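K.L.:
The listed protein sequences correspond, in order, to chains A and B.
For what it's worth, the working numbering labels the leading residue of the first sequence as 1314, then goes sequentially.
For what it's worth, the working numbering labels the leading residue of the second sequence as 9, then goes sequentially.
Quick caveat, the hints were computed from the structure, so don't treat them as lab data.
Keep in mind that the hints are not guaranteed to be accurate.
To be verified - Stretch-level coverage of chain A by chain B, calculated; a stretch enters the list once three of its residues show a Cβ under 8 angstroms from a Cβ in chain B:
| hint | region |
| --- | --- |
| 1 | 1381 to 1387 |
| 2 | 1473 to 1480 |
Said to hold, decoys possible - Partial list, derived from the structure: chain B residues whose beta carbon lies under 10 angstroms from chain A:
| hint | residue |
| --- | --- |
| 3 | Y48 |
| 4 | L93 |
| 5 | S95 |
| 6 | G97 |
| 7 | L103 |
| 8 | A123 |
| 9 | M135 |
| 10 | I145 |
Quantities reported herein were computed from a predicted structural model and do not represent experimental measurements.
Ideal Cβ placement from N, Cα and C applies to all residues, glycine included.
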Amino acid sequence: MTSQHTGEMPAISYNFAYLDEQTKRMIRRAILKAIAIPGYQVPFAAREMPMPYGWGTGGVQVTAAVLGPDDVLKVIDQGADDTTNAVAIRGFFEKTAGVATTTATTEATLIQTRHRIPETKLSENQILVYQVPIPEPLRFLEPRETETRQLHALEEYGLMHVKLYEDIARHGHIATTYAYPVEVAGRYVMDPSPIPKFDNPKMDDCPALQLFGAGREKRIYAIPPYTTVRSLDFEDHPFKVQRFAKPCALCAATGVYLDEVILDDRGGRMFVCSDTDYCNARQAEGHRGEMAAPVSSSGGAVLPHPTPLPHGEREQGDAPSLTLTARGAPEGAGEGPFGAEIAS
Amino acid sequence: MTDQANQALAAADAPLLVSEGLSKNYGARIGCRDVSLDIYPGEVLAVVGESGSGKSTLLGLLSTELAASAGRVSYRMRDGVLRDLASLGAAERRLLMRTDWGLIRQNPADGLRMAVSAGGNVGERLMAVGWRHYGNIRREATDWLGRVEIAADRIDDDPRSFSGGMRQRLQIARNLVTKPRLVFMDEPTGGLDVSVQARLLDLIRGLVSEMGLAVVIVTHDLAVARLLSHRMVVMRHGRVIETGLTDQVLDDPREPYTQLLVSSVLAA
Ligand SMILES: Nc1ncnc2c1ncn2[C@@H]1O[C@H](COP(=O)(O)OP(=O)(O)O)[C@@H](O)[C@H]1O
Ligand SMILES: [Mg+2]
Ligand SMILES: [Zn+2]
């Protein structure tokens, strides 16, 4: 139960998964309450974590509270296992809990995520932990915390539709593409964290337990397995997910969420799976997108490496001219221009 | 005649809102003391008095925005039954406030969502009571903007770009869109130019008679009371000191204090 910060000791020993047992019990109580009231934001006494808030301290605390020694942990950031954020959090739990980690969605028992839900369908044996910057879906129109609490308590969600109304009035369609509000189990309206609305349908009737942790705002909420999750909309402007004009350029997958990748400074670009594990697995199975196969070098164009990119090398290693653009949206980015989206 | 029709008939000459012994203290200071009054369907009641006499406090108590230190407020629900508002649950009371009631604040910025378009401001109540068809909400909002003399092409502009008079008219549309039976107004023409005031008063008068609204309007301006109200109460030091038909009170005030008030208006 100790985190002995005695400066002179080179090896610092922590309690399993860093947090002390009392704190974990407190967080577990909040999680149990959250599961009992799907979509309801449960306040909890968030602890200081050895990383800045923007790094998903809420998700880290939830993960620490539910992690067991036999768990296999996967950490993704915008779909990738190899970003600085994902690597740091994975390393944190490797060091403090000594748990096995993986990049394969199918092997993981616990997945902590920032801004995506894996493409591979989750199972009953898995828990998905979301990092949440702003838990309150009504915040946009009603900054007063006392009032938003009242609105949730009384199930007064007209305001949520005012936001969608404003979207349509301004853009001709519901332009909210991230953090798209959902109604959970026919009762609470919830912010699913800044995942693309593309992922919203995956939350519905999901076999895995979904937990949401907001560190700075000290809130935990949950979607129990097999819960109905409905995206809000209007009768004459029904909810629609983003669709992409082309399949993944590396693995030819369709019906998945794609990131835009700039290939060169002459406007060359391609669209590839945002879920790197999914993309790599497909390529390993032999699926090939239009940019994946080696092309005769006479053209001279800069092409990405045709073979599956090993983790950790995707950003620089094999394709030096790759620049990821759709990644790295700031935490809390509610909506924004979305290059790869086809307005449907 | 059916029971329902009987009830409706009885309700027409039964009061809509009843206050009994309403008092409010702010610590040692008296906000309002022992006010009992009735408001009837379709009636406009003006609450007049000097600044600090307790008008806004009384309005806050009647509309349940403020909790009373003593006394109670009852309201005749749409089913004809008079109910003590303190006995309603929070959900039921809030539903009442956003459907059957309106509340027009002196400063439109307090009663509007300034960052939301005019259409969204008017549509909010509709969405709150379950409207889920964008086209229908928009049509209704457009219609209401027309009724308060705001051009349809301003529907997507937010009120920050509106003049004071327009903002106040938008606040009125936002409140009336659910066809309430009772509207509370606190100095609705307060900060406006005289010519803008006149236009707004005409508009309010037209809507009130057209919709058969009951209104409680707080004003320190006796000319506003004269133009809009059927009946008035005069407040001083938190108490109602005189009440009667508006013309009677203004033309033949009984209380010396009311006489002073009226004469100061005449002198102005
Ligand atoms: N929130 C408050 N706290 C303390 N005193 C208040 C408060 N609101 C009003 N009062 C006092 O109550 C009395 C009545 O005020 P108010 O109802 O605002 O009068 P009016 O609307 O007629 O100007 C005044 O003496 C005022 O100073
Ligand atoms: Mg006042
Ligand atoms: Zn792919």
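K.L.:
Against each hint, give a clear statement of whether it holds in the structure.
P.N.:
Against the structure, the hints come out as follows:
1. 1381 to 1387: violated (count 0)
2. 1473 to 1480: holds (count 4)
3. Y48: Violated, about 30 angstroms.
4. L93: Cβ of B/L93 sits 16 angstroms from chain A, so the hint is violated.
5. S95: With a closest approach of 17 angstroms, the B/S95 hint is violated.
6. G97: At 9 angstroms from the nearest chain A Cβ, B/G97 passes the 10 angstroms test, so the hint holds.
7. L103: OK, holds: B/L103 within 10 angstroms of chain A, min 8 angstroms.
8. A123: 8 angstroms, holds
9. M135: B/M135 check passes; min Cβ-Cβ to chain A is 4 angstroms, inside 10 angstroms.
10. I145: Check passed: Cβ of B/I145 comes within 7 angstroms of chain A, closer than 10 angstroms.
Of the numbered hints stated above, those contradicted by the structure are hints 1, 3, 4, 5, listed in ascending order.
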